[in-house]
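*Asks:* This is what each chain is made of:
Number of protein chains: 4
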Amino acid sequence: MLMELRASATYELSVETFLALMIEPALAGPEHRVVDERLVTSPTPFSELDRDLYGNPRRRLVAPGGTFRLEFVATVDAVPNRPIPPDAAQVPPREIPAEVLVYTLPSRYCQSDLLARMAEGEFGGIETGGGRVLAIAEWVRRHVEYRYGTTDSLTSAFDTATERIGVCRDFAHLVIAFCRALDIPARYVSGYALGLEPPDFHGYAQTYVGGAWHNVDATFEGVRPALVPIAVGRDAADVPMLTLWGRGRLVEQSVEVREATSPPAPADSGQSSANPHESP
Amino acid sequence: MLMELRASATYELSVETFLALMIEPALAGPEHRVVDERLVTSPTPFSELDRDLYGNPRRRLVAPGGTFRLEFVATVDAVPNRPIPPDAAQVPPREIPAEVLVYTLPSRYCQSDLLARMAEGEFGGIETGGGRVLAIAEWVRRHVEYRYGTTDSLTSAFDTATERIGVCRDFAHLVIAFCRALDIPARYVSGYALGLEPPDFHGYAQTYVGGAWHNVDATFEGVRPALVPIAVGRDAADVPMLTLWGRGRLVEQSVEVREATSPPAPADSGQSSANPHESP
Amino acid sequence: MLMELRASATYELSVETFLALMIEPALAGPEHRVVDERLVTSPTPFSELDRDLYGNPRRRLVAPGGTFRLEFVATVDAVPNRPIPPDAAQVPPREIPAEVLVYTLPSRYCQSDLLARMAEGEFGGIETGGGRVLAIAEWVRRHVEYRYGTTDSLTSAFDTATERIGVCRDFAHLVIAFCRALDIPARYVSGYALGLEPPDFHGYAQTYVGGAWHNVDATFEGVRPALVPIAVGRDAADVPMLTLWGRGRLVEQSVEVREATSPPAPADSGQSSANPHESP
Amino acid sequence: MLMELRASATYELSVETFLALMIEPALAGPEHRVVDERLVTSPTPFSELDRDLYGNPRRRLVAPGGTFRLEFVATVDAVPNRPIPPDAAQVPPREIPAEVLVYTLPSRYCQSDLLARMAEGEFGGIETGGGRVLAIAEWVRRHVEYRYGTTDSLTSAFDTATERIGVCRDFAHLVIAFCRALDIPARYVSGYALGLEPPDFHGYAQTYVGGAWHNVDATFEGVRPALVPIAVGRDAADVPMLTLWGRGRLVEQSVEVREATSPPAPADSGQSSANPHESP
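Protein chains in written order, with our numbering: chain G, -2 to 277; chain H, -2 to 277; chain S, -2 to 277; chain V, -2 to 277.
Check before you lean on any hint, since a few could be wrong.
What the hints assert, rightly or not - Estimated spans, in silico, between C-beta atoms of each pair:
1) Asp110(H) - Arg91(S): 30 to 40 angstroms
2) Pro80(V) - Glu45(G): 31 to 41 angstroms
3) Leu151(S) - Asp33(V): 49 to 59 angstroms
4) Glu9(V) - Arg144(S): 44 to 54 angstroms
5) Arg246(S) - Val220(G): 27 to 37 angstroms
6) Arg144(H) - Pro80(G): 38 to 48 angstroms
7) Glu135(G) - Gly243(V): 21 to 31 angstroms
8) Asp149(S) - Thr147(V): 27 to 37 angstroms
9) Arg144(H) - Asp149(S): 30 to 40 angstroms
10) Glu142(H) - Glu135(G): 17 to 27 angstroms
11) Thr147(G) - Val32(S): 36 to 46 angstroms
12) Phe43(S) - Gly118(G): 41 to 51 angstroms
13) Asp110(H) - Glu142(V): 30 to 40 angstroms
14) Gly243(V) - Gln250(S): 45 to 55 angstroms
In case anyone wonders, no lab produced these hints; they're calculated from the structure. Just so you know, even glycine gets a beta-carbon here, dropped at the ideal spot from N, CA and C.
Using the sequences provided together with the hints, build the complete structure.
*Replies:* Below is the structure:
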């Protein structure tokens, strides 16, 4: 499926500021193929690419004080999202690969230690494996109300387990916390998705069953078509779209995702010198 | 039923200290009749009786620095605890008496506002009235594990809703929070009970249905026999056995409750000048 | 000083709803004299007056489903707010009146138990009495940034002690928590004040030193002129302007406070049948 | 300085359990040289060595249900701990190495985002660099009381900033959170130290100034001699001595650290078949 992504944001920076961006579809592999991609940052062009602790590519740049604007446009050929096979087997902890093991432990927003009894009580009676993950996702979808503006950057899975309202990030954190509480590796993915209302960046979970990572999006009944990942981490704290060392104020942000029926429109290079970069 | 109560505690006070005690069975009425009661505080005798915000009698005294010891012994003729009639009607908010209305609002350990969706989700489908209260108590009893030493004075109903482990105080707070979230007045009672293991002061809930307060003790399957109330409040924060303005350290505390088969033993007046007081 | 107050709010109620209002200047005494007052609620007229646990007058009414609007207009002759005398003596706990003692204990938003060491560390070296209260207020004013929209109904003194940003309610909670941690009775007051930007209901603290309650408003350098109290309680949880048992949505709210130079304008009785009531 | 370390623990496992151990001095380099080391786990011998996300060596093993005991004994030649040079320069964010950048971000127990204003208020006026880190450590040492048994695994830097009591872990978390809030990379180290009372595993901070990591131990006035690191991470959540997937109960644990004056005593191989392993 051909998808067109567009994301832009404007910041006011009081002084020269170091920034790191994670905004581009970045996990290679079967999930998607980037057909065309353009990132424009102005007035500063992109400077350097590195990788974070989880292996996510990250763009580093230094922007002068004043208005900083970024615009990203891409066309992606995405593989349709697949459901988790209910019979995918849970991997015994001892067989979990070393680099996956970290995703069984509690993290800032996914306090799986505190949710252990609740997870056992709600899902302990369901057979392990893909079916148990599906039951967790379904429980979260049915028990938590999706409503914009009800939660904030302090809200954690521990809160959502009781407050039962939130946005995609909160849904993902609760799925992750329940999975980890039952020794199922689970991680957070920031990305792009079709069909969000209002349009925004998306956050969803991935769980490791049957020896592979599978998408879990509890904000959607059934399987949300076409999820395009940007970065993975233990929870949303690890994968901010933009990190800013110093003071800055977000003035405006917008995201658009749609099925591409025509070649993507060019980025608005307006007052700045355009500075296109291809992703690796 | 004739019950014998004995409670004692020893504190080390670094300086002269003002204390307030709520330790004596104090609500008159049908629930119990105090046959015999003795309170010994040493070295300081009891000084003054007043009432707190909720109408609970409270003994005030000033103890010199050093070891402060209190011992309370009573024989009480308790009316057997009765179950809530399942058909007791929920009182519409507008008909709730002015002095009861405060028990529909959130308090420090019973954040009914935050538990509103969970309460609605779990109990919204059950007919209102006594039956709904019984369903709440049964849910708490089945979902929360009773285990000593797992929670502390910071633990609230919000925590217990997810952590699902605790002691009598935590059980009561969760029952209260769920009830208030559904507009059922509910309050916390500190008191004495038969059959606690290990023996200790007890905490349980009361809910207002059918125009009267009814005991709810979710730590017990069925109806715990003979609850003897000391004081009521919005939650445990309101009804401490002893409040101490200043620094002091609890050295030892013990509680005994049993069916009386003989007249109560005399208080140990040991090294102090005994100072017996009858409750009003 | 002659002040003109005007407060209005509109709610959408999905069903017939029981409401309680605390919106009128209500503490008699030297602080103010109500010259003229009008409360219009539509479509439902005011029905009943009672008192809450703290003695605050409270108006109860039942509004039908649909739009509910209230408008309150008053002219008040307010006594200028006075500073706390620095030499007002701290009242030893044992001499605190029974009805004041509750204001030395922790409450939902003022966890004075958790702030005890911080309070002792910051203010323990300052002489007790009015001067210590003034030092607390000054500390809060200097260390906490006043900014609208940064905190919400979950924010407590415990949070503000570290986050150091908030609105009047947060300033008051922190002052109260520090005072109680040092055995100084302190309570929360909702009311009206001159000079708020943007105009809104106000919240401030009162502390009990020298045998009387004194206003403490840490959002203002020096002494804010003319505070008109509505209700007092342990913290903001006790004194909501409007409590609503059931579902309802606030559509609009506005508050105006100014020095009166002319008789107050009549309430807008618009589409509803006007229903004026005088306060007692 | 020659140090002798001994750590042992006993667990009751209800079923066959997968475990990961991080207990051996593991960072090579100038800090220490392991002279002799023996790890005995019984009944199961050590099985596999891998590395965690932060590069810490980790021993994996599968223990049968029943009593599981581990004993570790080592002699280490430790380089004396050095103070941070006050004139070590703060590294501008843009020059922080990619693998260090993660240590500028908030984590579960070190919520540097929430402490930003407090950090700026307390330390913003102090010149950047090593001197600022020393000021932070000194502030924590003076404002937080060290007392065993006052905090637990839920306690975070956000709590300690206000509660001002705790153990080494809490001291380290607060130092780390303040440093990160001021863009100074800071991480948590679990390890062994001389002079702890009671003897236990130790936790302390490392901060990155002047282009290198430096130890910061706010539980000690001046410079604690000889710190031997086991593992590093964002906070204590990352470096547990033992992680256990499944149910298990710690029965006993002990740690001994002393200056070695003689060769280390042999491990007690008691009822189990001894199974010595050398670290790499």
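*Asks:* Taking the hints in turn, state whether each one holds.
*Replies:* Results of checking the hints against the structure:
Range check, Asp110(H) to Arg91(S): Cβ separation about 36 angstroms, and the 30 to 40 angstroms hint holds. The hinted window of 31 to 41 angstroms between Pro80(V) and Glu45(G) holds, with their beta carbons roughly 34 angstroms apart. Checked against the hint of 49 to 59 angstroms, the pair Leu151(S) and Asp33(V) passes, with Cβ atoms roughly 54 angstroms apart. Range check, Glu9(V) to Arg144(S): Cβ separation about 53 angstroms, and the 44 to 54 angstroms hint holds.
One distance hint, 27 to 37 angstroms for the beta-carbon pair Arg246(S) and Val220(G), holds here, with the actual separation near 34 angstroms. Distance hint for Arg144(H) and Pro80(G): a CB-CB separation of about 39 angstroms, consistent with the stated range 38 to 48 angstroms. Roughly 26 angstroms separates the CB atoms of Glu135(G) and Gly243(V), a value that falls within the hinted 21 to 31 angstroms. Hint check: Asp149(S) to Thr147(V), Cβ distance near 30 angstroms, so the stated range 27 to 37 angstroms holds.
Checking the proposed 30 to 40 angstroms range against Arg144(H) and Asp149(S) shows it holds: the Cβ atoms sit about 34 angstroms from each other. At about 26 angstroms, the beta-carbon gap between Glu142(H) and Glu135(G) stays in the expected band of 17 to 27 angstroms. Remark: the range hint 36 to 46 angstroms for Thr147(G) to Val32(S) is upheld by a beta-carbon distance near 43 angstroms. The hinted window of 41 to 51 angstroms between Phe43(S) and Gly118(G) holds, with their beta carbons roughly 48 angstroms apart.
Distance hint for Asp110(H) and Glu142(V): a CB-CB separation of about 34 angstroms, consistent with the stated range 30 to 40 angstroms. Checked against the given bound of 45 to 55 angstroms, the beta carbons of Gly243(V) and Gln250(S), roughly 54 angstroms apart, stay inside it.
In this structure, none of the earlier numbered hints is contradicted; all agree with it.
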